[in-house]
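Visitor: For reference, the chains in residue letters:
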Amino acid sequence: MLKVVHYINQFFANIGGEEKADYPVEVREGEVVGPGMAFKQAFGEEAEIVATIICGDSYFNENLDKAKAEILEVVKKYSPDVFVAGPAFNAGRYGVACGTICDAVQEELGIPAVTGMYTENPGADMFKNKVYTVSTKNSAAGMRGAVSKMAPLALKLAKKEAIGASCQEGYMPNGVRVNFFEEERGSKRAVKMLLKKLADKPFETEYPMPTFDRVAPNPAVKDLSKATIALVTSGGIVPKGNPDHIESSNASKYGEYSIAGVDDLTEETFETAHGGYDPVYANEDADRVLPVDVLREMEKEGKIGKLYDKFYTTVGNGTAVASAKAFAEEFAPKMKADGVDAVILTST
Amino acid sequence: MKLEVGHIFIKDIQFGAESKIEDGVLYVSEEAVKEVVLEDEHIASVKFDIARPGESVRITPVKDVIEPRVKVEGRGGVFPGVISKVDTVGEGKTYALKGMAVVTAGKIVGFQEGIIDMTGPGADYTPFSKLNNLVVVCEPVEGIKQHDYEKAVRFAGFRVAVYLGELARNLTPDETKVYETYGIKEGMEKLPGLPRVAYVQMLQSQGLLHDTYVYGVDAKKTLSTIINPTEVMDGAIVSGNCVSACDKNPTYVHENNPVVHDLFEEHGKTINFVCQILTNENVYLADKQRSSDWTAKLCRLLDLDAVIVSQEGFGNPDTDLIMNCKKIEAEGVKTVIITDEYAGRDGKSQSLADADAAADAVVTGGNANQVIVLPKLDKVIGTLDYVNTIAGGNEHSLREDGTIEVEIQAITGATNETGFGYLSAR
Amino acid sequence: MKKDFRIITNNPLVLEKLGDEYQVEYYEISYEDVLKKVRDEVYKGYRLLTHPLSGSVKPNETPYKSVMVSVSKSGADPDGMKIIENAIAACKKFEFKSDKYKPQVYEDFRLIDYTLISSALPSAEAW
Numbered sequence: 116m117l118k119v120v121h122y123i124n125q126f127f128a129n130i131g132g133e134e135k136a137d138y139p140v141e142v143r144e145g146e147v148v149g150p151g152m153a154f155k156q157a158f159g160e161e162a163e164i165v166a167t168i169i170c171g172d173s174y175f176n177e178n179l180d181k182a183k184a185e186i187l188e189v190v191k192k193y194s195p196d197v198f199v200a201g202p203a204f205n206a207g208r209y210g211v212a213c214g215t216i217c218d219a220v221q222e223e224l225g226i227p228a229v230t231g232m233y234t235e236n237p238g239a240d241m242f243k244n245k246v247y248t249v250s251t252k253n254s255a256a257g258m259r260g261a262v263s264k265m266a267p268l269a270l271k272l273a274k275k276e277a278i279g280a281s282c283q284e285g286y287m288p289n290g291v292r293v294n295f296f297e298e299e300r301g302s303k304r305a306v307k308m309l310l311k312k313l314a315d316k317p318f319e320t321e322y323p324m325p326t327f328d329r330v331a332p333n334p335a336v337k338d339l340s341k342a343t344i345a346l347v348t349s350g351g352i353v354p355k356g357n358p359d360h361i362e363s364s365n366a367s368k369y370g371e372y373s374i375a376g377v378d379d380l381t382e383e384t385f386e387t388a389h390g391g392y393d394p395v396y397a398n399e400d401a402d403r404v405l406p407v408d409v410l411r412e413m414e415k416e417g418k419i420g421k422l423y424d425k426f427y428t429t430v431g432n433g434t435a436v437a438s439a440k441a442f443a444e445e446f447a448p449k450m451k452a453d454g455v456d457a458v459i460l461t462s463t
Numbered sequence: 032m033k034l035e036v037g038h039i040f041i042k043d044i045q046f047g048a049e050s051k052i053e054d055g056v057l058y059v060s061e062e063a064v065k066e067v068v069l070e071d072e073h074i075a076s077v078k079f080d081i082a083r084p085g086e087s088v089r090i091t092p093v094k095d096v097i098e099p100r101v102k103v104e105g106r107g108g109v110f111p112g113v114i115s116k117v118d119t120v121g122e123g124k125t126y127a128l129k130g131m132a133v134v135t136a137g138k139i140v141g142f143q144e145g146i147i148d149m150t151g152p153g154a155d156y157t158p159f160s161k162l163n164n165l166v167v168v169c170e171p172v173e174g175i176k177q178h179d180y181e182k183a184v185r186f187a188g189f190r191v192a193v194y195l196g197e198l199a200r201n202l203t204p205d206e207t208k209v210y211e212t213y214g215i216k217e218g219m220e221k222l223p224g225l226p227r228v229a230y231v232q233m234l235q236s237q238g239l240l241h242d243t244y245v246y247g248v249d250a251k252k253t254l255s256t257i258i259n260p261t262e263v264m265d266g267a268i269v270s271g272n273c274v275s276a277c278d279k280n281p282t283y284v285h286e287n288n289p290v291v292h293d294l295f296e297e298h299g300k301t302i303n304f305v306c307q308i309l310t311n312e313n314v315y316l317a318d319k320q321r322s323s324d325w326t327a328k329l330c331r332l333l334d335l336d337a338v339i340v341s342q343e344g345f346g347n348p349d350t351d352l353i354m355n356c357k358k359i360e361a362e363g364v365k366t367v368i369i370t371d372e373y374a375g376r377d378g379k380s381q382s383l384a385d386a387d388a389a390a391d392a393v394v395t396g397g398n399a400n401q402v403i404v405l406p407k408l409d410k411v412i413g414t415l416d417y418v419n420t421i422a423g424g425n426e427h428s429l430r431e432d433g434t435i436e437v438e439i440q441a442i443t444g445a446t447n448e449t450g451f452g453y454l455s456a457r
Numbered sequence: 003m004k005k006d007f008r009i010i011t012n013n014p015l016v017l018e019k020l021g022d023e024y025q026v027e028y029y030e031i032s033y034e035d036v037l038k039k040v041r042d043e044v045y046k047g048y049r050l051l052t053h054p055l056s057g058s059v060k061p062n063e064t065p066y067k068s069v070m071v072s073v074s075k076s077g078a079d080p081d082g083m084k085i086i087e088n089a090i091a092a093c094k095k096f097e098f099k100s101d102k103y104k105p106q107v108y109e110d111f112r113l114i115d116y117t118l119i120s121s122a123l124p125s126a127e128a129w
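In order, the protein sequences belong to chains E, B and S.
Take 116 as the starting number for the first sequence in my numbering and just add one per residue.
Take 32 as the starting number for the second sequence in my numbering and just add one per residue.
Take 3 as the starting number for the third sequence in my numbering and just add one per residue.
If you are wondering where the hints come from, they were derived from the structure by calculation, not from laboratory data.
None of these values were measured; they are calculated from a predicted model.
Even glycine gets a Cβ: it sits at the ideal position worked out from N, Cα and C.
A couple of the hints might just be wrong.
To be verified - Cβ-to-Cβ under 10 Å is the rule here; a few derived chain B residues that face chain S:
hint	residue
1	F40
2	G174
3	K176
4	K319
5	E343
6	S380
Claimed, not checked - Cβ-Cβ distance ranges computed for the label pairs, FRET-style:
hint	chain 1	residue 1	chain 2	residue 2	range
7	B	T207	S	K102	49 to 59 Å
8	E	A277	B	T207	52 to 62 Å
9	S	G47	B	T119	42 to 52 Å
10	B	D179	S	E18	50 to 60 Å
11	S	E18	B	K252	19 to 29 Å
12	B	I114	E	K274	37 to 47 Å
13	B	K176	S	K102	47 to 57 Å
What the hints assert, rightly or not - Beyond 12 Å from chain B on every Cβ pair, some chain S residues (computed):
hint	residue
14	E27
15	K75
16	L113
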């Protein structure tokens with residue numbers, strides 16, 4: 116019989132609500148707890164829950180490394196064929212905990228995992244591309260429906276069977292396109308979709324277009340003369356010699372460099388690493404891409420409060436949007452922490 | 032315009048002394064069809080074979096698949112501008128041999144592709160495994176240029192199809208379907224209040240082995256235009272496209288265009304199927320702009336409420352598809368597009384080479400990069416020489432045990448972008 | 003009047019057939035490097051004139067690629083940039099096997115690429 120380890124929080128273990136959220140990791144060997152009953156029924160003779168791990172949501176999220184290590188230790192001990200967490204429905208911290216621990220079990224132990232939650236649970240966005248995450252209703256009233264999808268998926272994973280498309284198995288689309296045969300041919304599906312679209316009824320596209328990250332502009336800076344302004348560029352301006360070896364195209368990194376006390380970028384001190392435009396004018400005077408000189412003047416004139424004394428730079432030439440986004444996610448908080456009020460982003 | 036299509040069901044094909052159709056069996060005189068093929072001096076020799084559903088047979092490399100038809104009443108003849116003289120078709124009466132096809136096979140270029148398996152897992156991926164196929168394998172005369180040879184094989188297939196279609200001229204169809212579309216004003220009066228819908232078909236039109244012909248005109252030299260969907264049923268569009276087996280439209284798909292058929296199903300009930308709009312997929316970017324501008328303009332001119340747009344091929348046409356969709360939507364015409372995906376073997380790559388938020392209603396024919404292992408079959412019609420070099424195969428494709436590991440893009444019709452098949456992806 | 007287009011190619015047949023009459027820039031580089039060269043030109047302000055994924059023969063299958071760009075600069079062409087970037091991204095989706103064919107197959111690849119780029123000539127010359 117296949118072995119399953121099940122993870123749930125303090126609430127679903129009937130220990131208590133928010134007041135018990137600091138409940139530490141507890142293992143109940145051979146015991147089926149709370150939603151485990153529904154899973155047990157769904158698994159029938161094919162699989163058994165060999166242990167249930169209970170952990171308070173606050174405990175998990177506030178002692179992340181410790182909790183993770185403790186749970187991994189337990190899972191390792193039972194070496195199950197599959198690990199099941201939740202379902203977490205719309206409980207945010209529970210969802211994040213389920214995703215985190217499933218991801219860790221897969222990555223560190225090589226054991227497949229499945230969880231379930233409501234699409235708007237923050238854990239879904241964080242982990243649906245890493246862990247099979249079944250889409251559930253937003254409350255525990257949807258338990259039966261959730262288990263009816265999670266259990267068969269868990270069994271398939273345990274048996275190392277091929278996993279069908281998201282719409283067949285009930286997991287959230289995870290960025291992996293899987294083929295399957297529909298009951299109606301494509302043209303018929305197109306006509307049906309068209310009729311729905313014509314009638315302004317909801318319809319489901321079979322291929323959602325890649326989402327475009329449109330950023331709504333922030334409100335205008337109220338008083339520039341008091342604002343700290345930072346410079347960030349994808350134009351590849353780096354200290355002469357490109358000390359961090361930022362690639363000339365398809366950059367995999369960004370640089371953080373000080374311009375404290377620098378009034379002007381000169382041919383001797385700065386250059387561009389960018390391979391996608393004629394570098395002559397940027398190398399001659401890097402202020403043309405990263406306008407330090409002008410901002411220093413404005414700083415002196417009192418037009419702006421202060422020029423931030425570091426700048427961030429990468430090469431935009433063919434660089435993946437995902438990489439660019441990851442760079443900014445790393446350095447934006449630093450600028451924020453240092454009190455930067457506004458950023459001038461220059462490209463080429 | 033009104034067309035009656037009489038279906039004559041062919042349940043088997045057999046070679047015989049005389050070509051005829053009797054009790055649903057098509058008897059083919061090899062001598063007679065050989066003569067039909069060898070009319071063209073570019074073809075040195077020809078072999079015929081029969082592949083039936085369920086048989087342990089693999090046909091490869093497939094060039095075209097054609098359904099034999101004959102025009103029994105009304106203007107013109109099948110394949111106008113190609114086999115018959117140029118004359119408007121699409122009204123009157125046409126008979127079609129259902130349940131069978133003429134399949135042309137054989138090498139044209141060294142990376143030729145297209146597999147039809149009549150049994151096993153590969154058969155699930157090709158719609159043509161369900162047909163009785165008369166396979167025509169041509170050998171070229173020596174020293175012939177590829178484009179001359181492509182044309183010779185293309186025409187040989189049509190001639191054979193027309194020859195077989197003629198055998199049905201005096202038969203009584205097993206069933207008859209009637210298709211009728213109306214003039215603009217007439218349609219509005221007859222079907223008041225029904226949303227006006229058209230089908231925008233993008234035709235492959237990039238050059239040698241990538242061409243489509245409308246009444247014999249090379250589609251890359253055309254402006255977007257209007258055609259009556261019944262004209263297409265008489266072979267007004269034929270394929271000269273031999274590359275990208277999974278998502279090219281063989282002539283059979285044009286004759287039996289599934290979007291046309293499924294829109295006719297709703298015609299007069301939930302929609303008014305106004306017409307079909309043909310546009311191309313040229314290499315030159317300004318051509319794309321002109322053609323998509325023109326398509327959107329026609330949609331507006333016809334006061335359409337909605338369209339379905341279908342695609343043919345990979346890469347370059349993704350740009351036409353998105354341009355068409357964006358511009359048609361911008362005219363306030365609701366759009367559904369049909370495409371297929373190249374998401375990589377692992378399914379993780381970006382599926383299309385272009386994208387736009389306006390394309391919010393997409394039907395997909397599946398991921399063409401999916402890997403499949405095809406078992407060894409007892410008989411090969413054509414040759415396996417090219418299996419290692421076809422798209423979606425590699426040097427290990429033909430394995431020692433006779434099985435073949437390929438991406439489904441090697442299979443004829445696997446991810447068809449007119450929605451001819453059942454495959455999809457999520 | 004001088005034609006405002008040139009062909010960037012790694013296909014010797016394109017050089018041979020079109021080199022005398024048109025501006026052909028021939029490089030002995032890979033399919034993907036042709037696309038990258040085109041990308042660099044597009045970022046310099048030259049217009050992309052033909053689709054870099056012309057033809058249904060897939061990247062990494064055919065080793066040959068010819069793309070037309072403008073001779074004169076006309077400023078940033080965001081559509082062209084998007085098309086060429088997507089084309090480069092598409093290369094990695096296909097198994098590399100451009101070096102696995104028998105010699106005569108390369109002739110066919112050269113011919114197909116040549117006919118694909120030739121199909122753009124009537125339109126390009128119409129300006």
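Visitor: Compare the structure with each hint and give your call.
Guide: So, going through the hints one by one against the coordinates:
1. F40: Given a least distance of 34 Å, the restraint on F40/B is violated.
2. G174: This interface hint is violated because 13 Å lies over the 10 Å limit.
3. K176: holds (9 Å)
4. K319: Hint on K319/B: holds, closest Cβ of chain S at ~7 Å, below 10 Å.
5. E343: Hint holds; E343/B Cβ to chain S Cβ min 9 Å, cut 10 Å.
6. S380: holds (5 Å)
7. T207/B with K102/S: 49 to 59 Å: holds (52 Å)
8. A277/E with T207/B: 52 to 62 Å: violated (44 Å)
9. G47/S with T119/B: 42 to 52 Å: Holds, at about 48 Å.
10. D179/B with E18/S: 50 to 60 Å: Violated, since D179/B and E18/S (Cβ atoms, about 20 Å apart) do not stay within the stated range.
11. E18/S with K252/B: 19 to 29 Å: With Cβ atoms ~25 Å apart, the hint holds.
12. I114/B with K274/E: 37 to 47 Å: violated (56 Å)
13. K176/B with K102/S: 47 to 57 Å: violated (25 Å)
14. E27: holds (18 Å)
15. K75: holds (17 Å)
16. L113: For L113/S, whose nearest Cβ neighbour in chain B is about 6 Å away, the distance does not exceed 12 Å, so it is violated.
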